[in-house]
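Take these sequences, add in the hints, and give me the full structure.
Heads up: the protein sequence lines correspond to chains R and L, in order. Quick note, in our numbering, the first sequence goes up one by one and the last residue is 336. Quick note, in our numbering, the second sequence goes up one by one and the last residue is 654.
Hints were generated in silico from the structure; no laboratory data involved. It is possible that some hints are incorrect.
As the list claims (entries may be wrong) - Okay, derived cross-link-like pairs now, EDC-like style, lysine to aspartate or glutamate, Cα gap no bigger than 20 Å in a straight line:
#1 R:158 to R:217
#2 R:93 to L:651
#3 R:158 to R:80
#4 R:93 to R:80
#5 L:493 to L:651
#6 R:39 to R:80
#7 L:493 to R:118
#8 R:39 to L:651
#9 R:158 to R:187
Every value quoted in this text rests on a predicted model; they were computed, and no experiment measured them.
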Amino acid sequence: MSAAAEPIMTEPTESMPVSVRGVSKWFKGVVAVSDVTFDIGPGVTAMLGPNGAGKSTLLRTICGLTGPDLGTVRLFGRDPRKDPSVLRHVGLVPQQEGTFPHMRAFDFVRLAAVLHGVHDPDAATRAALASVEMDPDDRRSVERYSKGMRQRVKLAQALVNGPSIIIADEPLNGLDPRQRVRLIDLFHSLGDEGRTVIVSSHVLDEVERFGSRVLVVAQGRLAAEGDFRAIRDLMDDRPHQIRVRTDRPAALAAALIGSEIAEGVRVTGPDSIETEVIDVGRFRTTIARAAADLDATLVEVAPLDDDLESVFRYLVGAPGPGGVR
Amino acid sequence: MAPEVLCTDRRTGMLGLYLASPLSRWSYLGAKLAAVSMILLTVTLGPSLLLLIGYSTQGYGPVGFTDWMLTLGRVILAGVGIGLFYTLISAALASITSRRAAASATFVILVMGTGALVQYLVDEARAPVEWGMVNLLLLPIEFAYRVFGQPTQIYYGGFTTMSTPTVYAAFAGWILVALAVIGNRYSRVEVTK
Numbered sequence: 012m013s014a015a016a017e018p019i020m021t022e023p024t025e026s027m028p029v030s031v032r033g034v035s036k037w038f039k040g041v042v043a044v045s046d047v048t049f050d051i052g053p054g055v056t057a058m059l060g061p062n063g064a065g066k067s068t069l070l071r072t073i074c075g076l077t078g079p080d081l082g083t084v085r086l087f088g089r090d091p092r093k094d095p096s097v098l099r100h101v102g103l104v105p106q107q108e109g110t111f112p113h114m115r116a117f118d119f120v121r122l123a124a125v126l127h128g129v130h131d132p133d134a135a136t137r138a139a140l141a142s143v144e145m146d147p148d149d150r151r152s153v154e155r156y157s158k159g160m161r162q163r164v165k166l167a168q169a170l171v172n173g174p175s176i177i178i179a180d181e182p183l184n185g186l187d188p189r190q191r192v193r194l195i196d197l198f199h200s201l202g203d204e205g206r207t208v209i210v211s212s213h214v215l216d217e218v219e220r221f222g223s224r225v226l227v228v229a230q231g232r233l234a235a236e237g238d239f240r241a242i243r244d245l246m247d248d249r250p251h252q253i254r255v256r257t258d259r260p261a262a263l264a265a266a267l268i269g270s271e272i273a274e275g276v277r278v279t280g281p282d283s284i285e286t287e288v289i290d291v292g293r294f295r296t297t298i299a300r301a302a303a304d305l306d307a308t309l310v311e312v313a314p315l316d317d318d319l320e321s322v323f324r325y326l327v328g329a330p331g332p333g334g335v336r
Numbered sequence: 462m463a464p465e466v467l468c469t470d471r472r473t474g475m476l477g478l479y480l481a482s483p484l485s486r487w488s489y490l491g492a493k494l495a496a497v498s499m500i501l502l503t504v505t506l507g508p509s510l511l512l513l514i515g516y517s518t519q520g521y522g523p524v525g526f527t528d529w530m531l532t533l534g535r536v537i538l539a540g541v542g543i544g545l546f547y548t549l550i551s552a553a554l555a556s557i558t559s560r561r562a563a564a565s566a567t568f569v570i571l572v573m574g575t576g577a578l579v580q581y582l583v584d585e586a587r588a589p590v591e592w593g594m595v596n597l598l599l600l601p602i603e604f605a606y607r608v609f610g611q612p613t614q615i616y617y618g619g620f621t622t623m624s625t626p627t628v629y630a631a632f633a634g635w636i637l638v639a640l641a642v643i644g645n646r647y648s649r650v651e652v653t654k
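Rendered as structure tokens:
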């Protein structure tokens with residue numbers, strides 16, 4: 012299959028925010044990440060994969076929290092394990108509750124500002140908390156916050172240093188729908204500002220809302236990267252499923268079978284057929300010509316499997332994505 | 462103290478947030494150990510300093526500037542030495558596990574246990590007095606006595622004591638071992654949650 016895009020092995024450059032080359036990581040004989048290569052530039056990139064696929068390990072490796080057993084990770088051309096100063100440009104939203112439970116949100120975010128050497132930590136803290144709709148003057152300790160509020164505090168501490176690279180591990184966990192929309196908008200605006208935003212998730216509809224650029228991780232391997240619609244187009248060894256709505260389904264189905272363009276054709280209703288084709292471009296020409304010849308009206312020609320969920324299922328080979336909602 | 466500051470960070474994931482900043486792991490470790498040492502110094506150095514100042518103001522202190530400075534140096538060396546010794550031993554244990562209670566319990570058992578065991582071995586089983594080198598309870602006190610050039614009040618097997626070079630070597634050896642353990646653990650530390 013050509014969908015799992017062959018990485019172009021180039022040398023990491025200072026202009027490339029995130030460059031991962033041949034990275035493998037294992038823990039006590041268990042392979043968590045296997046020979047993964049990709050580059051991530053400005054904008055929002057969603058990392059999708061089931062629970063246990065290796066997403067968090069990859070993100071921690073990018074931040075230098077875990078060293079790769081093989082391969083290299085570079086942020087702006089620098090190794091975060093050997094040169095932690097590059098982390099001045101990184102903001103991390105960890106998956107787990109890593110906040111100081113007894114601290115106020117302001118104090119916690121301010122600590123992150125100080126650690127990153129922010130010039131005016133008080134002002135930066137107020138701005139970061141305001142950006143996630145948190146009150147900087149809230150006197151309560153973080154442990155008294157709801158899960159969603161703690162998530163937003165973690166995001167604020169990641170934004171406090173104005174990072175060029177923002178890495179968020181399952182940042183929408185625990186948020187209500189309104190907060191999710193708000194945060195997704197925030198990630199988009201950060202991406203639009205030219206920052207590199209990497210967001211992991213195992214929830215398919217979340218990933219689709221983050222944008223079309225995805226990294227699909229399955230069983231520690233990079234199954235695919237890029238625009239998921241382009242990935243689907245590249246999967247030329249798997250027939251595309253297409254629904255055709257017409258006033259003469261039986262006649263059109265017969266014509267398709269006769270043309271040998273279709274791998275299979277089913278009449279699924281009084282006005283619809285579903286077909287599987289390899290060459291979508293040729294199919295569109297053929298169906299238009301057949302409809303004209305038969306004097307049939309084409310109401311709709313729609314792909315059924317170019318959504319992210321279908322792409323994901325193809326890539327990980329799962330009938331229903333394990334662990335993925 | 463060391464298990465509280467080191468194990469908690471690893472267990473809660475705060476270590477990840479620290480190390481995802483420009484802070485190097487050695488800066489992080491140095492700051493944490495300095496914080497622990499400061500607390501310990503209030504016990505190992507503070508009282509001795511107060512005693513020196515108190516005696517001096519009452520006219521019982523060292524005679525002359527030179528003697529006073531020499532005594533001050535000994536007070537600082539002994540206080541800082543003992544504080545450093547226990548800071549590093551406890552930090553070495555804390556670097557091995559993320560369980561604060563386990564590290565604390567191991568520290569207490571190690572210090573009290575070696576104290577009782579060595580006393581038994583030398584006094585009852587007639588083992589060589591050099592077993593005192595692994596007595597983590599009394600070795601720092603021995604060290605302080607030697608710094609002050611005082612005859613030790615700690616006797617093994619009747620009146621036999623270790624030589625001063627042996628005490629210094631053992632004291633420095635433990636510090637180096639602790640540093641090696643801490644350095645080894647934190648040079649390879651991986652944030653996995």
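Taking the hints in turn, this is what the structure says about them:
{"no.": "1", "hint": "R:158 to R:217", "in the structure": "18 Å, holds"}
{"no.": "2", "hint": "R:93 to L:651", "in the structure": "14 Å, holds"}
{"no.": "3", "hint": "R:158 to R:80", "in the structure": "34 Å, violated"}
{"no.": "4", "hint": "R:93 to R:80", "in the structure": "15 Å, holds"}
{"no.": "5", "hint": "L:493 to L:651", "in the structure": "18 Å, holds"}
{"no.": "6", "hint": "R:39 to R:80", "in the structure": "12 Å, holds"}
{"no.": "7", "hint": "L:493 to R:118", "in the structure": "19 Å, holds"}
{"no.": "8", "hint": "R:39 to L:651", "in the structure": "13 Å, holds"}
{"no.": "9", "hint": "R:158 to R:187", "in the structure": "10 Å, holds"}
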